[in-house]
Structure formats: structure tokens, C-alpha cells
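Colleague: Here the structure of chain R is known, so what remains is to put chain E in place on it, guided by the hints.
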Amino acid sequence: MLNCKEIAQQASDYIDQQYSWRQRMAFRLHLFICGNCRRYISQLRSSIESLRLLKRRPQPILNDHQKDLAKLLREEIHKR
Amino acid sequence: MNQTPNASFDDEQILIQALLAGESAAFECLIGRYHGRMLAVARGIIGEAFADEVVQDAWLSAIKALPEFAGRSSLSTWLLQITANGAKSRLRREKRHQSLDEGWQLEDNDERFDARHHWREDVSQWELNTPEAIAENAELSAIIEQAFSQLPPMQQAVMELYDLQQTPMPEVCNILEISASNARVLLHRARTAIQQQIAQYQDSI
Numbered sequence: 216m217l218n219c220k221e222i223a224q225q226a227s228d229y230i231d232q233q234y235s236w237r238q239r240m241a242f243r244l245h246l247f248i249c250g251n252c253r254r255y256i257s258q259l260r261s262s263i264e265s266l267r268l269l270k271r272r273p274q275p276i277l278n279d280h281q282k283d284l285a286k287l288l289r290e291e292i293h294k295r
Numbered sequence: 207m208n209q210t211p212n213a214s215f216d217d218e219q220i221l222i223q224a225l226l227a228g229e230s231a232a233f234e235c236l237i238g239r240y241h242g243r244m245l246a247v248a249r250g251i252i253g254e255a256f257a258d259e260v261v262q263d264a265w266l267s268a269i270k271a272l273p274e275f276a277g278r279s280s281l282s283t284w285l286l287q288i289t290a291n292g293a294k295s296r297l298r299r300e301k302r303h304q305s306l307d308e309g310w311q312l313e314d315n316d317e318r319f320d321a322r323h324h325w326r327e328d329v330s331q332w333e334l335n336t337p338e339a340i341a342e343n344a345e346l347s348a349i350i351e352q353a354f355s356q357l358p359p360m361q362q363a364v365m366e367l368y369d370l371q372q373t374p375m376p377e378v379c380n381i382l383e384i385s386a387s388n389a390r391v392l393l394h395r396a397r398t399a400i401q402q403q404i405a406q407y408q409d410s411i
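From first to last, the protein sequence lines are chains R and E. Residue 251 in this note's numbering sits at position 36 of the first sequence; the count goes up by one each step and never skips. Residue 322 in this note's numbering sits at position 116 of the second sequence; the count goes up by one each step and never skips.
Quick caveat, the hints were computed from the structure, so don't treat them as lab data. The structure presented is a predicted model; accordingly, all values stated were derived computationally and were not measured. Backbone N, C-alpha and C fix where the C-beta goes; we use that ideal spot for every residue, glycine too.
Below, a list of computed lysine-lysine pairs in the BS3-like style, where the Cα atoms sit at most 25 Å apart:
# : chain 1 : residue 1 : chain 2 : residue 2
1 : R       : Lys-282   : R       : Lys-294
2 : E       : Lys-270   : R       : Lys-294
3 : E       : Lys-270   : R       : Lys-282
4 : E       : Lys-270   : E       : Lys-294
5 : R       : Lys-282   : R       : Lys-270
6 : R       : Lys-286   : E       : Lys-270
Just a few of them, taken from the derived set where beta-carbon distance is under 8 Å, the chain E residues facing chain R:
#  : residue
7  : Gly-228
8  : Phe-233
9  : His-241
10 : Ile-269
11 : His-323
12 : Trp-325
13 : Trp-332
14 : Thr-336
15 : Ala-341
16 : Ser-347
17 : Glu-351
Covered, in the sense of this in silico footprint (three residues per stretch, anywhere, with C-beta under 8 Å from a C-beta of chain E), are these stretches of chain R:
#  : segment
18 : 218-229
19 : 252-258
Chain R with its partners taken away, still in its complex shape (with noise of 0.2 Å):
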């Protein structure tokens, strides 16, 4: 039987289902009994998506450097 400490350290290869049919259902019965795995599970969850949603929002105005990076690839473009 997996212990809580276990299911913690296991919780990315669980969510990304690298597991066997066996080791998921050992994953699985410890979460019904488990309230505290469950809900970190959820949060590790949550915490990646909503990584996901703040980056796929739209890139703040560039900074000085990377204007003038813009400015020097365009001329790079136009040496061809």
C-alpha cells in the first residue's frame, strides 16, 4: 500500500500516466481513502494549468533590448 509521502513524490508520473494499469490502481485506491492526496493532486493539477493560462497570455510591450534585437534581425532579413 502506498503511503501519503509516496503518493506525493509519485504525483507527476501519475498525472502524466506513465503508469501501469496496476500502479495506477494502487495510486487510485490509496486516493479514495486519502482526502489530503486527493486534494493535493488536484492542486498540483491546477497549479500546472494555471502556469499554463498566465504564459499563453499575451506578451507584454518589448523592452528596449529586445526592440533593438527586432531591429537587428529585420536588417539581417534585408542583407540577404
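Modeller: Frame of chain R; chain E shown alone:
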């Protein structure tokens, strides 16, 4: 200031044509979209000190090679591959031969658990409990962005590629030249760090 987000640039072919035609908006869009990701990968491989330089060189090589870019992979994958290759050859040149594949074994002193391997404290229900609710909270968003930017470079690189770019794991390992087990441990550490920052905030509201 006139970085007008051009929706048609969402189509890579249109973006590439605009780049080849030398449209400035296309270059700004390209850099806005990919510069951060390329930096994350470069930092993961070679560290903070040389990352900027490596990315700058990667941009120049990419732009030179752009007319030959056949679209066999996505633009993102292609740019990250060029960046990773540049970072790796720079690493060899710097003769800093420490392996990228070290120092990742699981530590066993996880403070969150007691001697019987149970949670020391209950995992509490989050007040903001959907990704949308979390991302809509400005204060928490800033905390998450900061936590991500402060991850150790290799953790950040793996998370950027796998979770954000959804690059398949074998390709992540190939780009970063690390083993699958290493990549999985780095990924889990990164995710745990983000989860812990969010939990800390949620406990305080």
C-alpha cells in the same frame, strides 16, 4: 510602442512570410513570443552567465536559416533546437564539463511528511480552486510568475518545454541532453515548487 498584436501572425506561415518580407511588426511578434522560451532553455543548459549571448546567436542563425525552414517541425521547436544546440556547443567550448545529468536524485528529507510518511498538516481545500480563478487573481498570478522565473534553470527549462510548450518527453530529453528519469524528477520538483507557492498564498487569504 506600436506592437500591434497582429492576429494573422498566429498562423506560422503568414508570420514567416512577413519576416522574409522584412515587416517590423513580424519581428517584434516573433521576439515577444519566443525570446523568453529560448532564454529558459539556454539558461537550463549553460546557466545565467552565457544565456543572453547564446540566445542572441541563436536568433541570428535562425534568421539566416529562415528561408530554408521547411516547416517540418513547429517554429517553436525549431527555434528551441537551434538554441539548445548553440548552448551545448558553447558549454563544450567553455570546457565546463560538469554533466547536465547530475545532482537530481530524490532527497529524502521532505518536511511535509512525518515519520510515518503521512502529511504533517492537512492539505487544505483551496479558496481559489480552479486554474481560471487562480490565473484571474492578479496578486497570485504575480507570485506564480515569480516562482517560475526563480526555479533552478534546469527545472525551468524542463517545465517550459514539457508543461508549457507540450514538447513530448523524449524530445525534451534530447534537447536538454538529460535522461528521462532526470527529466521527470526535475519536472516534478518544478511543479511542486509552484504548487507550494500557490498553497502558501491560499492559506494566507
